[in-house]
Amino acid sequence: MKLTSLALLTGALMAFGVNAADAPKQLNLGILGGQNATQQIGDNQCVKTFFDKELNVDTQLRNSSDYSGVIQGLLGNKIDLVLSMSPASYASVYLQNPKAVDIVGIVVDDKDGSKGYHSVVIVKADSPYKKLEDLKGKSFGMADPDSTSGFLMPNQAFKKEFGGTVDDKYKGTFSNVTFSGGHEQDILGVLNGQFDGAVTWTSLVGDYNTGYTSGAFGRLIRMDHPDLMKQIRIIWQSPLIPNGPILVSNNLPADFKQKVVDTIKKLDKEDHSCFVKAVGGEQHIGAATVADYQNIIDMKRDLMKGSRG
Numbered sequence: 307m308k309l310t311s312l313a314l315l316t317g318a319l320m321a322f323g324v325n326a327a328d329a330p331k332q333l334n335l336g337i338l339g340g341q342n343a344t345q346q347i348g349d350n351q352c353v354k355t356f357f358d359k360e361l362n363v364d365t366q367l368r369n370s371s372d373y374s375g376v377i378q379g380l381l382g383n384k385i386d387l388v389l390s391m392s393p394a395s396y397a398s399v400y401l402q403n404p405k406a407v408d409i410v411g412i413v414v415d416d417k418d419g420s421k422g423y424h425s426v427v428i429v430k431a432d433s434p435y436k437k438l439e440d441l442k443g444k445s446f447g448m449a450d451p452d453s454t455s456g457f458l459m460p461n462q463a464f465k466k467e468f469g470g471t472v473d474d475k476y477k478g479t480f481s482n483v484t485f486s487g488g489h490e491q492d493i494l495g496v497l498n499g500q501f502d503g504a505v506t507w508t509s510l511v512g513d514y515n516t517g518y519t520s521g522a523f524g525r526l527i528r529m530d531h532p533d534l535m536k537q538i539r540i541i542w543q544s545p546l547i548p549n550g551p552i553l554v555s556n557n558l559p560a561d562f563k564q565k566v567v568d569t570i571k572k573l574d575k576e577d578h579s580c581f582v583k584a585v586g587g588e589q590h591i592g593a594a595t596v597a598d599y600q601n602i603i604d605m606k607r608d609l610m611k612g613s614r615g
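When you read off a place in the sequence shown, starting at 1, and then add 306, the result is the number in the numbering used here.
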């Protein structure tokens, strides 16, 4: 009888131990690089506060210097969730391990319900360049090899327009093509004369002068460039790109993972201004699946095949 009771007690303690272990005390939020790190950390402090309280965790803000750091973090179980992921970076994760992450949703524009954004080529407002062809023989800035708007989409367009690849500067169309590291660097590179033209991202929805409802312009305007939109001109735009997915790692214990998903959605509803700061635009969560990103996944697969070839 005592042995049975002891066995039951031991079993109960073991079960309790498993449950306790299933609730991590630390949560790792991945933040894509390529923008001002101090501002990105600042924009996500409210997320940390919200998650720490809701989940009884210590949320670590994992700011990467480039997109690859977040990709590897998700694949290597070092990052548990991402609120604002590049579609091309998600495609990289999916192609290497389709079961690494789940899509929580897609960000949707608060103003018009649109679910996409554009890659745009910008030049200085006082430059003579009015169209893409005007940049022949000029210096050009890309953002990051794992950025959708900062490389994948313009790369596809330039290959069709000019031929060649980024490695041969699209058959010598540009004098040089440089990966600056991010969208903010691309914009600053145009402003300071490092690039004659460069790509960045924007919703193209809302007021031009305020940098539109979402995109890289708004972050720079908030920082220290209030007159940014008077200093630049957009001379090319891509077809619509699906907004980035919100991701959660499948490495988390199932019950806890569901709580994380619920907390992300709660953040959007109960502290929407915080959510807006974190994702970089006036947006909320909408439903999404892998199918929404299939075109990006296919483009990324072709690009990876090409680089291996």
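Treat the hints as calculated values from the structure; they're not laboratory data.
Mixed in with the good hints there might be a few duds.
[To be verified] Derived pair list, reagent style BS3-like, types lysine-lysine, alpha-carbon separation capped at 27 angstroms: (1) 536 <-> 359; (2) 331 <-> 421; (3) 417 <-> 384; (4) 565 <-> 583; (5) 444 <-> 536; (6) 430 <-> 442; (7) 563 <-> 536; (8) 571 <-> 465; (9) 466 <-> 421; (10) 465 <-> 477; (11) 417 <-> 405; (12) 436 <-> 405.
[What the hints assert, rightly or not] The calculated label-pair distances, taken between Cβ atoms and stated as ranges, are: (13) 432 <-> 402: 32 to 40 angstroms; (14) 362 <-> 432: 53 to 61 angstroms; (15) 329 <-> 610: 17 to 25 angstroms; (16) 473 <-> 404: 42 to 50 angstroms; (17) 444 <-> 572: 29 to 37 angstroms.
Virtual Cβ for every residue (Gly too), placed ideally from N, Cα, C.
Right, here's what the structure says about each hint:
{"no.": "1", "hint": "536 <-> 359", "verdict": "42 angstroms, violated"}
{"no.": "2", "hint": "331 <-> 421", "verdict": "34 angstroms, violated"}
{"no.": "3", "hint": "417 <-> 384", "verdict": "35 angstroms, violated"}
{"no.": "4", "hint": "565 <-> 583", "verdict": "22 angstroms, holds"}
{"no.": "5", "hint": "444 <-> 536", "verdict": "22 angstroms, holds"}
{"no.": "6", "hint": "430 <-> 442", "verdict": "16 angstroms, holds"}
{"no.": "7", "hint": "563 <-> 536", "verdict": "45 angstroms, violated"}
{"no.": "8", "hint": "571 <-> 465", "verdict": "39 angstroms, violated"}
{"no.": "9", "hint": "466 <-> 421", "verdict": "26 angstroms, holds"}
{"no.": "10", "hint": "465 <-> 477", "verdict": "9 angstroms, holds"}
{"no.": "11", "hint": "417 <-> 405", "verdict": "33 angstroms, violated"}
{"no.": "12", "hint": "436 <-> 405", "verdict": "45 angstroms, violated"}
{"no.": "13", "hint": "432 <-> 402: 32 to 40 angstroms", "verdict": "44 angstroms, violated"}
{"no.": "14", "hint": "362 <-> 432: 53 to 61 angstroms", "verdict": "54 angstroms, holds"}
{"no.": "15", "hint": "329 <-> 610: 17 to 25 angstroms", "verdict": "37 angstroms, violated"}
{"no.": "16", "hint": "473 <-> 404: 42 to 50 angstroms", "verdict": "29 angstroms, violated"}
{"no.": "17", "hint": "444 <-> 572: 29 to 37 angstroms", "verdict": "48 angstroms, violated"}
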